[in-house]
Amino acid sequence: MALVLENGIWKLQAAGATSTVIWSVDFSAVSDHDFLSTATLSLGGVTFTAENSANASQFEVASGVLKIDPNSLTAHSNNLYNAPVLKGSYSDLMAFAASGAYDVEKTYVMRAILTSAINPAAGGPIVGIRTDSTTNNEDLSMQTSGASYRFSKGAARYQDRDRSLTAVTGTVRNLSVVYGQRSAFSGLAGATDTNEGEPFGGGAIYAGYVDNVTNATGYNWLSPPPSALDLSDASAQAYVGAWYYSGTDFGVFSFQRLELHEVG
Amino acid sequence: MYIFESPMANRLLTITSLEPVTGLRVWEGDSGDMNVDVVVADLWSFTMVIHSNDTVTKPAEADDITVTVTRP
Chain A
76 MALVLENGIW KLQAAGATST VIWSVDFSAV SDHDFLSTAT LSLGGVTFTA
126 ENSANASQFE VASGVLKIDP NSLTAHSNNL YNAPVLKGSY SDLMAFAASG
176 AYDVEKTYVM RAILTSAINP AAGGPIVGIR TDSTTNNEDL SMQTSGASYR
226 FSKGAARYQD RDRSLTAVTG TVRNLSVVYG QRSAFSGLAG ATDTNEGEPF
276 GGGAIYAGYV DNVTNATGYN WLSPPPSALD LSDASAQAYV GAWYYSGTDF
326 GVFSFQRLEL HEVG
Chain B
4 MYIFESPMAN RLLTITSLEP VTGLRVWEGD SGDMNVDVVV ADLWSFTMVI
54 HSNDTVTKPA EADDITVTVT RP
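First to last, the protein sequences are chains A and B. Read the first sequence against the numbering used here and you will find it ends at 339, with the numbers running on by one and no gaps. Read the second sequence against the numbering used here and you will find it ends at 75, with the numbers running on by one and no gaps.
Just chain A, same shape as in the assembly:
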């Protein structure tokens, strides 16, 4: 183990492991763009495409902020994947990786940072990676679901957890999804800090593993490729979005930054 300094905080890191933000976008540097009229936009050198924009009353970059206002009855779990999301090709993002391509030996962290800490009463922001939302275990996304965190694994599988009983209670400033094809996956949340540049910043809310030896069943288990999430697949994407099914409408979810880490 080695000590590394992350945003002024010393943390332990496995020997030999390095972490790099290989791609990021600060929306403060992005010109205004309305996804409701033009679906695609280059962000940090990667083309992102709006999906389900018809289910958003606002979906734009305005004054340096990505703003998404999902309509009611939208979701990104349990066979209902109609929430507005902004998606980018994973292979295009991986062009910025150390080797210039996806590396199965490494772990990747996709983080979405909001402009302020929020406490939505219903629905919430989404960040995820996927190859196919409609297939079990091929879409890992970290979300809030009102008073709960939600981790969806694609198709019909999801898990809710009362936010007040986790490491990050109350407000949420950022969400991350972590995936290493040889190791594990997890969902992280940060309460008030942006955790910008920190690969595993925030608190661990959800953890699972990629291992068919110790436990071949259970919600926390993800089967090894090729049957599970294979980010080398041409269909792989990273995305950010927001949803709102019913209850008290939060309104506009505002994002200031997206970043993708490569660790290992």
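Bear in mind the hints are in silico, worked out from the structure with no lab data behind them. Please read these numbers as outputs of a predicted model, since none were measured by experiment. Certain hints may be false.
Beta-carbon label-pair distances, calculated as ranges [said to hold, decoys possible]:
#: 1; chain 1: A; residue 1: Gly322; chain 2: B; residue 2: Glu31; range: 19 to 29 Å
#: 2; chain 1: B; residue 1: Thr73; chain 2: A; residue 2: Ser191; range: 28 to 38 Å
#: 3; chain 1: A; residue 1: Ser138; chain 2: B; residue 2: Thr50; range: 45 to 55 Å
#: 4; chain 1: A; residue 1: Ser117; chain 2: B; residue 2: Asp67; range: 52 to 62 Å
#: 5; chain 1: B; residue 1: Asp45; chain 2: A; residue 2: Asp109; range: 41 to 51 Å
#: 6; chain 1: B; residue 1: Glu64; chain 2: A; residue 2: Ala129; range: 17 to 27 Å
#: 7; chain 1: B; residue 1: Gly35; chain 2: A; residue 2: Trp296; range: 38 to 48 Å
Simulated coverage check for chain A against chain B, where a stretch passes if three residues somewhere in it have a Cβ under 8 Å from a Cβ of chain B [stated by the list, open to error]:
#: 8; stretch: 142-155
#: 9; stretch: 223-232
#: 10; stretch: 235-243
#: 11; stretch: 316-324
Chain A residues, not near chain B, derived (Cβ > 10 Å throughout) [said to hold, decoys possible]:
#: 12; residue: Val105
#: 13; residue: Ser112
#: 14; residue: Gln133
#: 15; residue: Ser220
Don't be surprised by glycine CBs; every beta carbon is placed ideally from N, CA and C.
Mind docking chain B on chain A? Use the hints.
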């Protein structure tokens, strides 16, 4: 009474209980049924089935817990 809400696909699951529901896990079952593990007070859990017609089958130990399924 505690109320725990979990929006599902085109349905809203509402669980009313004397002890707080602290989490749940959802996965698909046969014939369109949904299996739901409900965790109560982080102390015990039960598994219920939400059928495609929105009826709910739950074990006797959950008799004091009310589950409603509503559609928009």
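Structure-based check of each hint:
At about 25 Å, the CB distance of Gly322(A) to Glu31(B) agrees with the hint of 19 to 29 Å. Distance hint for Thr73(B) and Ser191(A): a CB-CB separation of about 32 Å, consistent with the stated range 28 to 38 Å. One distance hint, 45 to 55 Å for the beta-carbon pair Ser138(A) and Thr50(B), holds here, with the actual separation near 48 Å. The beta-carbon spacing between Ser117(A) and Asp67(B), approximately 56 Å, falls within the hinted interval of 52 to 62 Å.
Checked against the hint of 41 to 51 Å, the C-beta distance between Asp45(B) and Asp109(A) comes to roughly 45 Å, which is consistent with it. A hinted range of 17 to 27 Å for the beta carbons of Glu64(B) and Ala129(A) is inconsistent with their spacing of about 44 Å. At about 24 Å, the CB distance of Gly35(B) to Trp296(A) disagrees with the hint of 38 to 48 Å. A stretch counts as covered by a chain when three or more of its residues have a beta carbon under 8 Å from one of that chain; for the stretch 142-155 of chain A and chain B the count is 7, and the coverage holds.
Check result for the stretch 223-232 of chain A against chain B: holds, 4 residues qualifying (beta carbon to beta carbon below 8 Å, three or more required). Counting residues of the stretch 235-243 of chain A whose beta carbon lies closer than 8 Å to any beta carbon of chain B gives 4, which meets the minimum of three for the stated coverage. A stretch counts as covered by a chain when three or more of its residues have a beta carbon under 8 Å from one of that chain; for the stretch 316-324 of chain A and chain B the count is 3, and the coverage holds. Consistency note on Val105(A): stated as away from chain B, and its beta-carbon is indeed over 10 Å from all of that chain's, at 31 Å minimum.
With a minimum CB-CB distance of about 28 Å to chain B, Ser112(A) clears the 10 Å threshold, and the non-interface call stands. Here Gln133(A) stays apart from chain B, with its beta-carbon at least about 21 Å from theirs, past the 10 Å limit. With a least CB separation of 7 Å from chain B, Ser220(A) falls inside the 10 Å interface cut-off, contrary to its annotation.
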